[in-house]
Amino acid sequence: MKSLVLAEHEGGAIKDATLAAVTAAGKLGGEVDLLVVGSGVDAAAQAGAQIAGVSRVLVADDPAFDHALPENVAPLVVQLMGEHDAFVAPATSTGKNIAPRVAALLDVMQVSEILSVEAPNRFTRPIYAGNAIATVETGDPKLVCTVRATAFEKAARTGGSATVQPVGGAADGGLSQFVGAQQSHSERPELTSAKIIVSGGRALQNGENFKMLIEPLADKLGAAVGASRAAVDAGFVPNDYQVGQTGKIVAPEVYVAVGISGAIQHLAGMKDSKVIIAINKDEEAPIFQVADVGLVGDLFKLVPELTQKL
Amino acid sequence: MKVLVPVKRVIDYNVKPRVKADGTGVDLLNVKMSMNPFDEIAVEEAIRLKEKGAATEVIVVSIGEPKAQETLRTALAMGADRAILVAAAQEVEPLGVAKVLAAIVGEEQPGLVILGKQAIDDDSNQTGQMLAALTGRPQGTFASKIEVSGDAVEVTREVDGGLETVRLSLPAIVTTDLRLNEPRYASLPNIMKAKSKPLAQKTAADYGVDLSPRLRTVQVAEPSKRQAGVKVGSVDELIDRLRDLGVAA
Ligand SMILES: Cc1cc2nc3c(=O)[nH]c(=O)nc-3n(C[C@H](O)[C@H](O)[C@H](O)COP(=O)(O)OP(=O)(O)OC[C@H]3O[C@@H](n4cnc5c(N)ncnc54)[C@H](O)[C@@H]3O)c2cc1C
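So the sequence lines, in the order shown, correspond to chains A and B.
Quick note: the first sequence, position 167, residue 167 per the working numbering, numbers continuous.
Add 310 to the 1-based position in the second sequence for the working numbering, that's all there is to it.
Here chain B stands alone, though its shape is the one from the complex:
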């Protein structure tokens, strides 16, 4: 069984995003970029499935600017076998990405596609579900545990009320939550080895997909700022404040 893992290059999660003064977006110039943390977890899970013998090949794919190659190389260094870069000039939306991925799924026929549940830049949380819709496959979103057995996969999902387990017939689509695993760091020898792993260059047109955005961003603004308040010196003073707020009797 092949496993396909889409990865996105996004602002590093440790960087505090700054809104551009002209209100057109977030300033990404000279900002550290990394693999979306949820995608890293997806790559790790796919590699573990291969190590366990449940998967035969791990293919990573990114749809975006040429620099997304770096992200793909990181995934290859972690242990993915080969990569596909689908070049896109403008920002891509989940629907467009899902369409490209559906075309790749058609070509590669992976038994599982594992995606991050959301990208930490647009926070959309859509691509996996959309891919499942477009391919007519079942979906196990927000996974904290994945168990492949025979022609099915059991996915434990993090839901608002706790945990829930669903059984999906393969092929299936899974999206990762934070507690699925802890991704490995690539070793230096593996980083070197990754440089010679295959990376195919494609365009959306190769897959017959129109990536024109459906949403127009009118404006990007700073959220309203909270004022830092006061520091109190003791529990008694804190209780006084709580009384003022009507929280404590």
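Just chain A, with the same shape it has in the complex:
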């Protein structure tokens, strides 16, 4: 068994979700290679070489691979799969974009968002917004899977001594072009790696309330800020704050849900948090069925009091 892990990197650093994918790939048994693509990616490649458990870092340094355009990256991966048995990608927006394109080109069925490796061809994965866990077995000659980052330990960033090796090949197919990005910038911890998260829901009513109530509480706790779909749809906060089935999957030490009802699609993204705290004026709200600590009442009164007393 030889695995190829897709690295996600930014500013020369390898992102956390990739470290979880390295761990998952290690559980398949055998060697783990890391694929770093983009132009001017030396720093990311060097960082990748330090990761414990990585044998080789394969570097495709070419502007055609910037922004991880799947039309260009997938053919490169397919070429590298000649000497690998498994392609493992983090289940991030980048991994989800590329891996199925690779799988179809290889004529294999992808296993999405694995939660555990039971055997090299047997995995568990969530279905129905995490209301059921399926154990699936693949009979395909090669494996393509994405990895749910919260389900695996992160591989250590140091301790490895991989060789770094350039790979060439497939370049710009001219099918697609990156136009631009609107990144949300925040001084707060990143949602998917934060230890504490404070999330707000529709009950906040508008963006100003979100800023005046949720953000100060988050800052007091050193927490990241998340939101329900309703809060994002209503424009209180940007889309990348959304936690849930179709947003981010998080599993912090503490998740504080403020004015969030606890729809199954929201629970799908946070119910593996260690401790869940809910503030909601409706004592029947489903969020209380998963909350370790619940406080019933009006958030407009309770949240300022909480922030002030902390």
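Think of the hints as simulated: they come from the structure by calculation, not from any bench.
Glycine included, C-beta positions come from ideal geometry on N, C-alpha and C.
Nothing false has been slipped in among the hints.
Straight-line alpha carbon distances no greater than 16 Å define the calculated EDC-like cross-link-like pairs of lysine to aspartate or glutamate that follow:
#	chain 1	residue 1	chain 2	residue 2
1	B	K541	A	D298
2	B	K541	A	E284
3	A	K309	B	E547
4	A	K274	B	D554
5	B	K503	B	E380
6	A	K271	B	E532
7	A	K309	B	D550
Sample of chain B residues with no beta-carbon within 12 Å of chain A, all distances over it, derived:
#	residue
8	M311
9	K312
10	R358
11	E361
12	E375
13	G389
14	A397
15	Q419
16	N500
17	M502
18	S506
19	P508
20	L509
21	A515
22	D516
Start from chain A and add chain B with the ligand according to the hints.
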């Protein structure tokens, strides 16, 4: 330009799925079924493109059991022009579906295929990307905005870090995210009208596609349940709890 929209019949998003006692799957007997919410958004977007004059015809297709006809009729009632039902006995996987769709793309030559980014039953999030691979077309996944201009389409994508825009040459494949649009409800007259819109019946064999699954489901189990905890009566008590957890000083 034709627009092709695949739709899937799935458990209604308001229903809490129950795992069958024998661990073979989720109980769908006597459960409300609906069009996958992301596919509804895809149908809506295609109809809007037609209303704007960017598309000439909206074709909807479903691959599944005979009852998927209802889902297709819903799409026709929303405003799609015609439908194709590809009968499949067993549960279908994204790869098989993508192969059938690739064959239909070959026949119909749509300028755009708009799919939901994932189905809320298997949560795979694969079919659009696979179809793009099989047809050699560019892909704009997780779209929150689509703008067709000339021989290209600009797609704004919801990504982990915010939003990203890509420009794809047509023909292209797009998958929808939740904020692309708010789907319309079909009016009664349109529901009546949909009954006489064309619906072609096909099989996977008609397209030369083998739908045999590649994955075997060994078991389906309930996730570990969380215990409901305690309710506290005041902010002070909540702070005490936070102290116990080491979160508050
Ligand atoms: C296909 C699909 C995918 C989805 N994906 C996601 C997803 O990824 N993430 C997600 O979050 N949702 C998702 N949803 C939406 C989900 O079904 C719910 O609609 C959404 O989570 C509700 O958000 P909310 O809890 O903020 O709003 P509501 O359900 O409206 O809840 C608001 C809560 O605030 C409480 N409240 C009101 N006023 C106060 C007050 N003054 N003080 C205290 N409490 C108050 C109310 O009691 C209520 O419980 C998805 C839906 C679909 C169909």
